[in-house]
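Student: This note's numbering applies: residue 1 is where the sequence shown begins, and numbers increase by one.
Mixed in with the good hints, there may be bad ones.
What the hints assert, rightly or not - Simulated crosslink set (DSS-like; lysine-lysine; CA at most 25 Å straight-line):
(1) 144 / 116
(2) 121 / 144
(3) 109 / 121
(4) 146 / 121
(5) 146 / 116
(6) 109 / 70
(7) 70 / 121
By construction, these hints were calculated from the structure, which means they are not laboratory data.
Nothing here was measured: the structure is a model prediction, and the numbers come from that model.
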Amino acid sequence: MWRRISVHLQSVSPWRSVLKQNNVIIRPNQRLINSASSSSATIFPFHRTAPLFSQHATSDSDTILSKGKKAVEDVMPIATGHEREEIEAELQGRNLQEMDYPEGPFGTKEAPAIIKSTYDKRIVGCPGGEGEDEHDVVWFWLEKGKPHECPVCSQFFMLEVVGPGGSPDGHDDDDHHDHH
Numbered sequence: 001m002w003r004r005i006s007v008h009l010q011s012v013s014p015w016r017s018v019l020k021q022n023n024v025i026i027r028p029n030q031r032l033i034n035s036a037s038s039s040s041a042t043i044f045p046f047h048r049t050a051p052l053f054s055q056h057a058t059s060d061s062d063t064i065l066s067k068g069k070k071a072v073e074d075v076m077p078i079a080t081g082h083e084r085e086e087i088e089a090e091l092q093g094r095n096l097q098e099m100d101y102p103e104g105p106f107g108t109k110e111a112p113a114i115i116k117s118t119y120d121k122r123i124v125g126c127p128g129g130e131g132e133d134e135h136d137v138v139w140f141w142l143e144k145g146k147p148h149e150c151p152v153c154s155q156f157f158m159l160e161v162v163g164p165g166g167s168p169d170g171h172d173d174d175d176h177h178d179h180h
């Protein structure tokens with residue numbers, strides 16, 4: 001407990017010296033008073049502090065790219081996971097969101113519907129064709145290099161990996177070693 005108090009007091013003490021240097025007096029039940037001003041002391045409110053993030057820290061892709069940012073660390077040094085992947089894609093001129101809602105013609109064996117993914121496999125839902133050909137959504141895993149046929153409407157799907165690849169859960173299939 002004493003350690004916490006001493007740390008708190010150390011963070012407060014620099015303010016005391018700043019106030020003394022500027023001839024500022026704090027009186028009970030009043031705001032800050034500047035004794036160096038005219039004969040009648042002027043009362044002024046507390047000044048705003050600088051914002052936590054500067055105006056330069058923005059996620060707008062146009063601003064990021066126009067300032068010549070080339071790496072994720074230039075934009076946000078501590079970005080990890082999906083946030084990092086989104087920033088990397090923006091810097092490369094890709095939009096990860098465009099792969100979330102695939103649209104296109106009905107997939108056939110000769111020309112399957114292409115589904116994009118940043119990983120080597122992805123869960124896909126097939127709603128069937130349009131109009132009378134629609135059916136309840138059938139969900140399945142679509143894997144890289146393995147075309148998949150919907151069991152209800154016979155539509156074909158193929159996965160196109162547009163990211164780093166690998167397993168979506170972070171474990172590669174090669175890592176199935178016995179750990180006893």
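Student: Hint by hint, which ones does this structure get wrong, listed from lowest number up?
Tutor: Numbers 6, 7 - these are the hints that the structure violates, sorted from lowest upward.
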